[in-house]
Amino acid sequence: MTPRFVSILPKREKNSSRKLSALLTALFLLNAPIPLSAAAPGRVIGSIIFDIHSVFDTDSPEESGWVYRAADSIHVKTREAVIRRELLFSEGGPYVPALVKETERNLRRLGFIRRAKIETAVNSKGTVDVTVHTYDSWTLEVVADAGRAGGTNRWKAGFSESNLMGMGKTASAKYINDGADSQADLGWKDPQVMGLKHLNSSVKILESPDTRSYSAAVNRPFFASIARSALGVTAGYGENKVTTYSGETVTNTVRKRTRDAGVNYGLALKPSTHRARRVNASFNQHRADYSATRETSGPVPESEQLGFFQLGLDWEVLDFVKVRRIQKFSHDEDYNLGFGIFPGVSWAPPVYPLSSTGSSFLPGFLIRKGFSWTERLLMMKGGYTNTYVNAGESSSLLSMDALFFITGLPRQTLALHTAYDHGSRLGPAASLGLGENNGLRGYGENQFTGSRRFLLNVEDRIFIREDVFKVLDIGAVAFYDAGYAWPAERRTRLNDIKSSVGFGLRLAPSRSSGNSPTRIDFAYPLNGTAERSGWSVSILGGHAFGPS
2 MTPRFVSILP KREKNSSRKL SALLTALFLL NAPIPLSAAA PGRVIGSIIF DIHSVFDTDS
62 PEESGWVYRA ADSIHVKTRE AVIRRELLFS EGGPYVPALV KETERNLRRL GFIRRAKIET
122 AVNSKGTVDV TVHTYDSWTL EVVADAGRAG GTNRWKAGFS ESNLMGMGKT ASAKYINDGA
182 DSQADLGWKD PQVMGLKHLN SSVKILESPD TRSYSAAVNR PFFASIARSA LGVTAGYGEN
242 KVTTYSGETV TNTVRKRTRD AGVNYGLALK PSTHRARRVN ASFNQHRADY SATRETSGPV
302 PESEQLGFFQ LGLDWEVLDF VKVRRIQKFS HDEDYNLGFG IFPGVSWAPP VYPLSSTGSS
362 FLPGFLIRKG FSWTERLLMM KGGYTNTYVN AGESSSLLSM DALFFITGLP RQTLALHTAY
422 DHGSRLGPAA SLGLGENNGL RGYGENQFTG SRRFLLNVED RIFIREDVFK VLDIGAVAFY
482 DAGYAWPAER RTRLNDIKSS VGFGLRLAPS RSSGNSPTRI DFAYPLNGTA ERSGWSVSIL
542 GGHAFGPS
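When we follow our numbering, the leftmost residue of the sequence shown carries the number 2, and every step to the right adds one.
Just so you know, these hints were derived from the structure itself, not from any lab. We treat Cβ as the ideally placed atom computed from N, Cα and C, and that holds for glycine. Hints are not guaranteed to be accurate.
Ranges of calculated distance between the beta carbons of each label pair, as one might list FRET restraints [to be verified]:
{"no.": "1", "residue 1": "Asn439", "residue 2": "Glu376", "range": "20 to 30 angstroms"}
{"no.": "2", "residue 1": "Ile50", "residue 2": "Tyr176", "range": "16 to 26 angstroms"}
{"no.": "3", "residue 1": "Phe470", "residue 2": "Gly339", "range": "34 to 44 angstroms"}
Heads up, simulated EDC-like pairs for lysine to aspartate or glutamate below, C-alpha to C-alpha not over 20 angstroms straight-line [stated by the list, open to error]:
{"no.": "4", "residue 1": "Lys170", "residue 2": "Glu142"}
{"no.": "5", "residue 1": "Lys370", "residue 2": "Asp422"}
{"no.": "6", "residue 1": "Lys157", "residue 2": "Glu105"}
{"no.": "7", "residue 1": "Lys242", "residue 2": "Glu208"}
{"no.": "8", "residue 1": "Lys257", "residue 2": "Asp333"}
{"no.": "9", "residue 1": "Lys323", "residue 2": "Glu334"}
{"no.": "10", "residue 1": "Lys118", "residue 2": "Asp179"}
{"no.": "11", "residue 1": "Lys471", "residue 2": "Asp182"}
{"no.": "12", "residue 1": "Lys118", "residue 2": "Asp130"}
{"no.": "13", "residue 1": "Lys471", "residue 2": "Asp73"}
{"no.": "14", "residue 1": "Lys190", "residue 2": "Asp179"}
{"no.": "15", "residue 1": "Lys170", "residue 2": "Asp73"}
{"no.": "16", "residue 1": "Lys118", "residue 2": "Asp58"}
{"no.": "17", "residue 1": "Lys190", "residue 2": "Asp211"}
{"no.": "18", "residue 1": "Lys175", "residue 2": "Asp186"}
{"no.": "19", "residue 1": "Lys271", "residue 2": "Glu103"}
{"no.": "20", "residue 1": "Lys323", "residue 2": "Glu103"}
{"no.": "21", "residue 1": "Lys190", "residue 2": "Glu142"}
{"no.": "22", "residue 1": "Lys118", "residue 2": "Glu92"}
{"no.": "23", "residue 1": "Lys242", "residue 2": "Asp191"}
{"no.": "24", "residue 1": "Lys175", "residue 2": "Glu208"}
{"no.": "25", "residue 1": "Lys157", "residue 2": "Asp179"}
{"no.": "26", "residue 1": "Lys323", "residue 2": "Asp58"}
{"no.": "27", "residue 1": "Lys242", "residue 2": "Glu334"}
{"no.": "28", "residue 1": "Lys382", "residue 2": "Asp335"}
{"no.": "29", "residue 1": "Lys78", "residue 2": "Asp52"}
{"no.": "30", "residue 1": "Lys118", "residue 2": "Asp333"}
{"no.": "31", "residue 1": "Lys157", "residue 2": "Asp211"}
{"no.": "32", "residue 1": "Lys370", "residue 2": "Glu305"}
{"no.": "33", "residue 1": "Lys382", "residue 2": "Asp402"}
{"no.": "34", "residue 1": "Lys242", "residue 2": "Glu305"}
{"no.": "35", "residue 1": "Lys205", "residue 2": "Glu162"}
{"no.": "36", "residue 1": "Lys257", "residue 2": "Asp211"}
{"no.": "37", "residue 1": "Lys78", "residue 2": "Glu105"}
Let the sequences and hints guide you as you build the complete structure.
Put into structure tokens, the structure is as follows:
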């Protein structure tokens with residue numbers, strides 16, 4: 002029996018050891034946070050921690066220099082209350098992963114946040130701990146900008162602060178000269194009026210020798226997929242010189258004074274994190290009065306008054322993808338790939354005092370859809386608008402647009418864009434233009450105009466280096482543009498298409514929210530004219546094309 006007794010004793014010791022090990026492991030797991038993947042929907046949010054970073058991390062050796070410390074001392078870090086008001090969840094409420102992701106996207110859209118990330122973990126009590134990480138962008142902009150495009154010099158000077166005292170408010174004052182005119186521009190935006198969630202207000206003032214414009218708005222938009230309603234009011238006044246036409250012939254120059262006011266309301270039908278189904282209604286009143294100027298040589302037009310009712314429907318699947326190196330350099334970008342259709346109609350009834358110029362009826366729609374696969378992104382949209390004046394068809398416009406990006410290449414993105422617009426009976430003011438300022442580099446501003454327009458752009462966007470000196474992203478581009486705008490009386494012929502090739506430099510502020518580059522392009526027209534037969538230089542903001 003002794004051998005049997007000896008053989009049993011080690012097994013008991015081994016079992017006791019295993020039980021002790023299992024007990025210690027269980028105790029450890031109970032106290033360890035469970036990662037996001039294990040945080041099932043329906044749990045309760047136990048705590049929310051805010052981790053708000055300034056523009057520079059001065060505790061890091063790479064960003065501890067006096068320049069970075071001085072910049073951080075000027076910048077006021079975003080206040081916790083501002084970030085908290087953007088959350089779509091709260092302590093004690095249910096944990097909904099879709100709302101956490103949507104909050105992250107909403108934070109990235111703020112003009113004073115360059116990066117946002119939300120982490121979740123289940124604690125020992127079974128509730129979810131949420132940590133909101135945000136990184137401030139540099140928001141004080143001292144404007145001293147000059148550019149040249151289409152043979153015209155432009156410059157502007159001033160300042161803009163889009164996170165005043167860390168409260169997310171924007172104040173700006175700029176002086177702009179576009180070559181033909183100059184103007185003073187004053188602005189104010191408050192995304193959270195009196196601390197109220199998502200109640201926005203804005204005031205804008207423009208003054209120039211021949212133009213004045215004043216506008217104000219207060220609104221509460223559809224700030225999230227779960228928002229049940231939207232409401233807003235607007236008001237504006239403007240003065241400027243305008244040219245009048247008889248057909249396509251210029252007849253006169255007069256001064257125009259306009260007054261505008263509007264109210265809008267939107268209602269969500271079955272709010273959901275998967276789909277947006279909304280009805281929007283608005284009314285806008287517009288009045289225009291005309292008076293003679295020194296250049297006036299004929300009769301002055303009579304006053305006009307229009308009251309527009311607008312009704313629209315939004316139906317859109319919410320299917321967002323987070324990507325990089327599409328429109329920005331080093332920041333995350335969010336795009337909705339879901340199918341969306343947006344029909345709408347505007348109607349100005351021939352009833353005084355709503356309208357004094359007859360009736361107008363403007364139906365239209367927009368459709369869009371995106372696709373993403375293996376580091377490819379395809380985005381398409383199309384739209385149609387029609388204008389009926391006094392029960393007769395006046396004009397129509399059909400537009401189609403497609404964007405395709407390949408991001409899997411080493412430090413570069415191949416970008417392609419094509420668009421076609423087809424108009425019918427467009428007036429001179431609504432004619433379609435094409436040139437250096439809207440897609441066809443190497444030619445003059447709106448050098449070609451007509452009722453049909455085609456455009457093709459191909460770019461190899463090269464990302465040379467990110468966050469140089471912790472402030473700048475540097476890139477380059479090689480491009481090919483082709484397109485033309487055909488006048489109504491001319492047939493569409495492929496051999497009319499003009500094209501150009503070129504290269505450019507891209508400089509983007511890495512610590513700004515937009516991370517949008519300044520582009521310096523050198524373009525050579527392959528079908529140049531006597532006026533523009535050699536290389537041209539343009540300095541403009543943003544990429545030449547991309548998702549809007």
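### Query
Among the hints numbered above, which are violated by the structure, and what are their numbers in rising order?
Hint check: 2, 6, 8, 10, 11, 14, 17, 23, 26, 27 and 32 fail, others pass.
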